[in-house]
Amino acid sequence: MGIVGDGFTLLAADSIAARSIMVFKNDEDKIYEIDQHKALAAAGDVGDRNHFCEYVIKNIHLYQLRTDISLSTHAVAKWTRNQMAQSLRKHPYQVNLLIGGWDKNAGPELYFMDYLGSMHKLPFGVHGHGSNFTLSIMDKEYKPGMSLDEAIGLLKKCIKELGVRFLINYQNWIVKVIDADGTRVINLGDDEPATVEEEHHCGLTLLVSRAQNESWLLPLNRWLRKTILA
Amino acid sequence: SMSRYDRAITVFSPDGHLFQVEYALEAVKRGTTAVGVRGKDVLVLGVEKRAAAKLQDPRTMRKIVKLDDHICLAFSGLSADARVLINKARVECQSYRLNVEDKSSLEYITRYIAGVQQKYTQSGGVRPFGISMLVVGFDADGTPNLYQTDPAGTYYAWKAHAIGRNSKTVLEFLEKHYTDESNEESIKLAVKALLEVVESGSKNIEVAVLTRGNVEFLDDEQIEKYVQMVEDEKAEEKKEP
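Chains as they are written, first to last, in the working numbering: chain A, 1 to 230; chain B, 1 to 241.
The reader is advised that the hints may include incorrect statements.
Stated by the list, open to error - Cross-link-like lysine-lysine pairs, in silico, DSSO-like; alpha carbons within 27 Å at most: (1) K58(A) - K103(B); (2) K188(B) - K58(A); (3) K49(B) - K188(B); (4) K88(B) - K78(A); (5) K103(B) - K176(A).
I should point out that these hints are in silico values taken from the structure, not numbers from a laboratory. Nothing here was measured: the structure is a model prediction, and the numbers come from that model.
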């Protein structure tokens, strides 16, 4: 999943590496960092994903060393798409990509690319079967220029929905944000977007309110849960 | 006689010379001077910058280049040949990373460059590269390295070395004054050695300083600072009887 916000691009990828019914690894990082301000979130066949992404990264690195020019997100996306398209009728890569980056000139950008080499610049994008569920949530809730907290909130809503309606339990995610300061990992934490619920403990009723768009309430929320539920 | 055995490089002369390779070395000796110094925690490369013509853009005359994030290189000789070799080396650096997921060691890449140079002394229809190179960088385990390659395809590791014009003078100076006391001393040594044979002034030399995890191309101001330090030291030395 990818979301473009106010001065940043958020990329999230599930961290399960599995084949058929067997889970090999549940902390796989599928977001490959191309350089300080660009990353590639990839989904698809494990071997193809790894091979193609590493190939892209090393070639971009070579280009930047050769020419002393730092490529824009658009240029990297275009190059990657060309590679995908060239390999399509020779040795196709079964990989779906979301290229996210931040430029000084263009700001945050997100490029959606599928395994057949089609590419689109989007404000938000999702790959995989889960997109059937999460895209509708993004359609409704996304607004341009969201803050990081809002974008993370949106992401959490999507993840929660997948937990409810999607067959595969995608609950382990690696989330990275790319902005002017570079790329860093975001810890989603274990607090879910609160819904209106009543908690009864020792005869005490507490109303924990909706804290989705009021991130300042989250710490209060957390404290309340800890002290009451402890 | 000499002329009968220097046509095609694949021919040895009766007394065991490969004349084309030796002539390539002559081409190197006519190139601008380059100096390399290895310290305990620093690597310094300095090159003589040929004065730019009035209408020429000095930015296009880069003589110290980056092969990878942790490897730098300076050369003496034919710049066109250097461009080709440098390109091959850059691709090899990335290829190594792609296959092994580690940055290459200095020895590996130097061996590769020397290997390419050697290939061109033993193939039909090609001539050797008219380049000697000084390759510097820190290995993954932190060891500093300075290697030199030549048109014959041999390579050696050095504590300090000079190639190109007047390299003999510079090398003698380095042998006399080599120190790895501190980073500052190593940089000063490189600049001082270069200034033995290059006209004084920051616009005539280019300097790159490598420390573990960082490559810095000194700008004119910084170079001028070192040039000044060196000049002051020289003046002091003259004063003492």
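Against the structure, the hints come out as follows:
Pair hint K58(A) plus K103(B) holds up; C-alpha atoms about 11 Å apart against a cutoff of 27 Å. Of the pairs offered as hints, the one joining K188(B) and K58(A) is violated, with about 36 Å between alpha carbons and a cut-off of 27 Å exceeded. Taking the CA atoms of K49(B) and K188(B), the gap is about 18 Å. The hint holds against a cut of 27 Å. For the suggested pair K88(B) and K78(A), the alpha carbons sit about 25 Å apart, so the restraint of at most 27 Å is met.
Taking the CA atoms of K103(B) and K176(A), the gap is about 25 Å. The hint holds against a cut of 27 Å.
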